[in-house]
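Participant: Sequence:
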Amino acid sequence: MHVFYGSNVADQQSLHCQVWEFLMPQEQLVDRYTSQWQKIGFQGKDPSTDFRAMGLLALDDLHYLCKYYPDISARILAASHHPSSWFSFAIVGINITAYALRLVRTRFLQYTFYKYGVSEDNYHEVYCFLFDGFEKFWTSQKKTPSILDFTNIFREFQMKVENDILELNHRCSMLALHPPLRLRLHRRAPLVASSSCARRNKTHFARALPTRSTSMIVK
0 MHVFYGSNVA
10 DQQSLHCQVW
20 EFLMPQEQLV
30 DRYTSQWQKI
40 GFQGKDPSTD
50 FRAMGLLALD
60 DLHYLCKYYP
70 DISARILAAS
80 HHPSSWFSFA
90 IVGINITAYA
100 LRLVRTRFLQ
110 YTFYKYGVSE
120 DNYHEVYCFL
130 FDGFEKFWTS
140 QKKTPSILDF
150 TNIFREFQMK
160 VENDILELNH
170 RCSMLALHPP
180 LRLRLHRRAP
190 LVASSSCARR
200 NKTHFARALP
210 TRSTSMIVK
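The sequence shown begins at 0 in numbering that gives the first Met the number 0 and counts up one residue at a time.
Careful: at least some of the hints might be erroneous.
Unchecked claim - Within a straight-line C-alpha distance of at most 30 Å, the following computed DSBU-like cross-link-like pairs (lysine-lysine) qualify:
1) 135 x 38
2) 141 x 159
3) 38 x 142
4) 114 x 135
5) 135 x 44
6) 159 x 114
The hints are simulated quantities; they were obtained by calculation from the structure and are not laboratory data.
Model the full structure from these sequences, guided by the hints.
Facilitator: What follows is the structure, encoded as structure tokens:
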């Protein structure tokens, strides 16, 4: 089931603003449509045009990461601003969503969900694990990478993750030995954004999985 994304939905706009507040607490948005969004990795003045590639799932993923792991999201954002090895934080996050979804659909994570349960939060934990891991993989390259290297490095990262899963599946599962981030990090209390709009009620994450992607997503 594809969850359609509409730029005129108040709850979605509220989540956009909360992501901004989590990442850029020292700077206030001057307008709903502004080039300031590019500071956190969107392509233009309206972030909704980027999120349409993966629907609400990508927005929920990014929001979860920024809300529950402020130190990790701040570290990734800082790495994305490197003068030579920069990347687009939000766009990479959307690519991570596409990859996490592929791992679900190809059943690489079936033991993880068997062990921890099939829930929206457990899926989000996998997303955070992957985004955290990709930033470390990117910054650990022997040769300083550039944005032109993204496709190849992201493909190498996916191969590494899948090989690790296959290897660790012999000893139960990837997350049995590398539990979700919140189980192995000192997780802070959720940040509270100042937006007055309440977050929409969560539904079972499987109902929110899109069935297609656009050319923006790296295959």
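Participant: Each of the hints needs a verdict: does it hold here or not?
Facilitator: Verification of the supplied hints:
1. With a C-alpha separation of about 20 Å, the suggested pairing of residue 135 with residue 38 holds against the 30 Å cut-off.
2. Note on residue 141 and residue 159: the hinted pairing holds, with a Cα-Cα distance of about 16 Å set against a maximum of 30 Å.
3. Between residue 38 and residue 142 the alpha-carbon distance is near 25 Å, which keeps this suggested pair within the 30 Å criterion.
4. For the suggested pair residue 114 and residue 135, the alpha carbons sit about 26 Å apart, so the restraint of at most 30 Å is met.
5. Only pairs whose Cα atoms come within 30 Å are accepted, and residue 135 paired with residue 44 is accepted, the gap being roughly 29 Å.
6. Taking the CA atoms of residue 159 and residue 114, the gap is near 22 Å; set against the 30 Å cutoff, the hint holds.
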